[in-house]
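Novice: Quick mapping for you: the protein sequence lines, in order, are chains A and B.
Quick note on numbering: the first sequence equals residues 1 to 296 in full-length UniProt numbering.
Quick note on numbering: the second sequence equals residues 1 to 296 in full-length UniProt numbering.
Careful, some of the hints might be misleading.
To be verified - Using 25 Å as the maximum straight-line C-alpha spacing, the simulated BS3-like pairs for lysine-lysine come out as follows:
| hint | chain 1 | residue 1 | chain 2 | residue 2 |
| --- | --- | --- | --- | --- |
| 1 | B | Lys256 | A | Lys237 |
| 2 | B | Lys226 | A | Lys94 |
| 3 | A | Lys237 | B | Lys274 |
| 4 | B | Lys237 | A | Lys94 |
| 5 | B | Lys94 | B | Lys84 |
| 6 | B | Lys94 | A | Lys226 |
| 7 | A | Lys57 | B | Lys57 |
| 8 | A | Lys94 | B | Lys152 |
As the list claims (entries may be wrong) - To give an idea of the chain B side of the interface with chain A (calculated C-beta under 7 Å), a few residues:
| hint | residue |
| --- | --- |
| 9 | Leu54 |
| 10 | Phe55 |
| 11 | Glu56 |
| 12 | Glu58 |
| 13 | His234 |
| 14 | Gly238 |
| 15 | Thr240 |
| 16 | Tyr250 |
Stated by the list, open to error - In silico negatives: residues of chain A with every beta carbon more than 10 Å from chain B:
| hint | residue |
| --- | --- |
| 17 | Leu54 |
| 18 | Ser122 |
| 19 | Tyr272 |
Because the hints were derived from the structure by calculation, they are not lab data.
Even for Gly, the Cβ is constructed at its ideal location relative to N, Cα and C.
2 protein chains.
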Amino acid sequence: MLRFRCIQLFTSPFEAPFIQSFKPHTSISCAQMGSYSTTSSSAQNSPKLVFRQLFEKESSTYTYLLADASHPQKPALLIDPVDKTADRDLALVKELGLKLIYAINTHVHADHVTGSGLIKFSISQTKFPGVKSIISKASNAKADLFVEPGDKIYFGDIFLEVHATPGHTLGCVTYVTGDGPNQPQPRMAFTGDALLIRGCGRTDFQGGSSDKLYDSVHSQIFTLPKDTLLYPAHDYKGFTVSTVGEEMLYNPRLSKDKETFKNIMQNLNLSYPKMMDVAVPANMVCGLQETKSEAC
Amino acid sequence: MLRFRCIQLFTSPFEAPFIQSFKPHTSISCAQMGSYSTTSSSAQNSPKLVFRQLFEKESSTYTYLLADASHPQKPALLIDPVDKTADRDLALVKELGLKLIYAINTHVHADHVTGSGLIKFSISQTKFPGVKSIISKASNAKADLFVEPGDKIYFGDIFLEVHATPGHTLGCVTYVTGDGPNQPQPRMAFTGDALLIRGCGRTDFQGGSSDKLYDSVHSQIFTLPKDTLLYPAHDYKGFTVSTVGEEMLYNPRLSKDKETFKNIMQNLNLSYPKMMDVAVPANMVCGLQETKSEAC
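Using the sequences and the hints, build the whole thing.
Specialist: Right, here's the structure in full:
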């Protein structure tokens, strides 16, 4: 359990104790999660982030589990779950005593089937139903909640900010932990396929654009503090994390000027993604069969 | 770059500014690493741990890079490097501006060839030669330095304690970050194959003993604080980290009583390790050919 302890006084980001429903450009909160403390006299009451990085070997996909362990109900979310490892992730959530409230995707994946739908169905069979799927509005995929740039996704007293980072797909977003004394330090950015460690996602399908991707990364990720931890959706060389400062210096594509980057991306000569024709249609509907897609 | 910032005043663990040579049951320090600050008036001068978990997919091995980023020379060490990913690890060390001083093994591995020897040869060709290989004395393998239970391995102002955890092999050790206000919190334990996440290493070769392994884990690992982060040498299901508290509850083998554990281990019916006849002889001499083994 990797904990980021906060040493400053906690102040609730809300005037009201609950935000029951999601509103674009406001905040997502975990409904019925109990009251928010408005002040705390010790670090013990500050939010404590539970963080787990999980790997799916076949597609080299990272799934991330985040939770606020100091909140009475330990609300948790999964970023980019995979169908094949959904059972593993749910077992871990249970063992850690967390309450899963969101299954979030950074984008419509083309290389694996999302676990969002399976997780929703599994959770609905338990005594704690109610997990909501989240994806960007720009993705045009099905989900319970849609996010737009500037939205905040709260789980307990910790939140993720939504940054639009199109270019790999038209609807890609990066989720960034909040700035502030009661939020994890250093900040953490879940970049999906927009920025990989020493690489980036391809830009030749799904509304991809090397021009857009370059602008996305430079305006939304490289402007974050240099010690921001970068957690991508994939890694193929065994890296688990990088930082903004490192990628600005050593990313062999995105550290270059825009024209060089576009030229690199135009000449990758990659083969057609083998899972694409299965994964993309499935991921437009939470990874479920069409017959069940109304449950997204 | 995952940083554990310390909020208390820093005090050097040494009376003398350097510990130049390794002495069993004392401390390993990074020789010629510059002077140690004895006091600091702000958290900025406290040790900052750089930590990277790295994965070798074929043998599902984790290599760990640790460094003291706040020390002038940024001394670093690698735990359980793999020969196939030695170049990746060295490139990362260079990019992060670290000075690699130790290549450490938890034990003589049977499933992959250690990268210690390759790393030593590569480093010796650079302008910063001098990396030392470390393994337990009980392993009977070759290395530059041998550790015994109770030893401390310093890199900058951060240190690892050596805990004997035999049972998978006779010479297995677990490296645990130090206890104290200027050391990483929560503590971190690099358990090798003694304790895996929801599992453990086999006990039927290399002086293995289920009786010893049970005692090792219960006396040396399960007695650590429950929030101690556990980093194993392998994972086959995509987990990256666990905690002492979790494994005490959910490890399907080691959470049982001793007789049940021994019975489980006696009935695993595992096949002969396919890399064993290559890896073990190589790893007795730093993973190098016999002709070069004098350089271990």
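Novice: Now tell me, hint by hint, if it's right for this structure.
Specialist: A quick look at each hint next to the structure:
1. In summary, the hint linking lysine 256(B) to lysine 237(A) is not supported, as the alpha carbons are separated by about 36 Å, beyond the 25 Å threshold.
2. A hinted pair counts as satisfied when its Cα atoms are at most 25 Å apart, and lysine 226(B) with lysine 94(A) qualifies at roughly 18 Å.
3. Taking the CA atoms of lysine 237(A) and lysine 274(B), the gap is about 23 Å. The hint holds against a cut of 25 Å.
4. Taking the CA atoms of lysine 237(B) and lysine 94(A), the gap is about 17 Å. The hint holds against a cut of 25 Å.
5. For the hint pairing lysine 94(B) with lysine 84(B), the CA-to-CA distance comes to about 18 Å; that is within 25 Å, so the pair holds.
6. For the hint pairing lysine 94(B) with lysine 226(A), the CA-to-CA distance comes to about 18 Å; that is within 25 Å, so the pair holds.
7. A C-alpha spacing of about 8 Å is found between lysine 57(A) and lysine 57(B), which places the hinted pair at or below 25 Å, so the restraint holds.
8. Of the supplied pair hints, the one linking lysine 94(A) and lysine 152(B) is violated, its CA atoms being roughly 37 Å apart against a limit of 25 Å.
9. Nearest Cβ of chain A to the Cβ of leucine 54(B): about 5 Å, under the 7 Å cut. The hint holds.
10. Restraint check, phenylalanine 55(B) versus chain A: the minimum CB separation of about 4 Å is within 7 Å; hint holds.
11. Among the interface hints, the one on glutamate 56(B) holds; its C-beta lies about 6 Å from the nearest C-beta in chain A, closer than the 7 Å criterion.
12. Annotation: interface hint on glutamate 58(B) violated; nearest CB of chain A at approximately 10 Å, more than 7 Å.
13. Given the 7 Å rule on beta carbons, the hint for histidine 234(B) is violated: about 12 Å separates it from the nearest Cβ of chain A.
14. Using the Cβ-Cβ criterion of 7 Å, the hint placing glycine 238(B) at the interface with chain A is satisfied: the shortest such distance is roughly 4 Å.
15. Because the closest C-beta pair between threonine 240(B) and chain A is about 5 Å apart, less than 7 Å, the hint holds.
16. A hinted interface residue such as tyrosine 250(B) counts as satisfied when its beta carbon comes closer than 7 Å to some beta carbon of chain A; here the least separation is about 5 Å, so the hint holds.
17. With a least beta-carbon separation of about 5 Å from chain B, leucine 54(A) fails to lie farther than 10 Å from that chain, contradicting its non-interface assignment.
18. Look at serine 122(A): its CB is around 18 Å from the nearest CB on chain B, clear of 10 Å, so calling it non-interface holds up.
19. At roughly 23 Å from the closest C-beta of chain B, the C-beta of tyrosine 272(A) stays outside 10 Å, upholding its exclusion from the interface.
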